[in-house]
Amino acid sequence: GGFILARTGAEAVPAIIFVALGAALAAGLLAPRLGRPRRASPLSATDIQHSAPKLLNAYFLYFTLGVGIITASHAFLYGFVSIYWKSIGISDTVVGLLWAWGVVAEVCMFVMFTRILGSVPIVRVMLIAGIGSIVRWIAFPLIWPLGLGVAGFFGVQTLHAVSVAMVLIGLQKMIGETVSEERTGAAQGIAYFFNGFFMAVVTLASGPLYDRFGVDGFLAMIPIALIGLALIALAARSTPQRAVGG
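Our numbering puts the sequence shown at residues 2 to 247.
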């Protein structure tokens, strides 16, 4: 994106968005189906609601709240790191490459997760992801003053594989392991509501933080990630013995 904008200007943004959404649509249509075929439940919606355990149990709530808050600790990154990079003289092209590198790291984790972390308990995966987030927020304000340069930013962006990809995989794995098929959609809806809500709140707070503290505003994301980690730890103490569904 940065490479294109550096050569075409802001007027290319609508075309970039259109092409990206078109590519996403095509990928969705062409993607192979994975997993066992889904079968319609013989129960009515009312029967499902009354026959299955409640979805809003302690484990599910602690886990999804923790995921939402760890995700929200990325709000300062998403909202202001490009502005910061440009303020220290990094070109639009390199800014675009830094974001692309994070995506590459994320995709690599998607590909390799089962091989390297497939046997790790999902709560432990989330704890690793939360710790990875904290490491990122500590590192970002230090890279430029320590003279690590653009290479240092590429190194920290590699942690996107931990703080983002592992969170996304962990959430879906938790839902798949503990939520009945009939309630999967509801579970995902609740989880992504928390993600969106907390991301919006922290994004609103990030503007004043950047205005006052600049890149040191990343340090304010550390306690947010710690809250998320604490909730994941509470989830670990509430792990269900069987799938939940209602």
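Rather than coming from a laboratory, the hints here were simulated on the basis of the structure.
Just so it is clear, CB atoms sit at the ideal spot from N, CA and C, and this is done for glycine as well.
Fair warning: there could be bad hints in the mix.
[Said to hold, decoys possible] Label-pair distances were calculated between CB atoms; the ranges are:
1. 173 / 23: 19 to 27 Å
2. 117 / 152: 18 to 26 Å
3. 20 / 182: 19 to 27 Å
4. 84 / 143: 29 to 37 Å
5. 224 / 197: 29 to 37 Å
6. 205 / 111: 45 to 53 Å
Hints versus structure:
no.	hint	result
1	173 / 23: 19 to 27 Å	holds, 25 Å
2	117 / 152: 18 to 26 Å	holds, 25 Å
3	20 / 182: 19 to 27 Å	violated, 35 Å
4	84 / 143: 29 to 37 Å	violated, 18 Å
5	224 / 197: 29 to 37 Å	violated, 21 Å
6	205 / 111: 45 to 53 Å	violated, 30 Å
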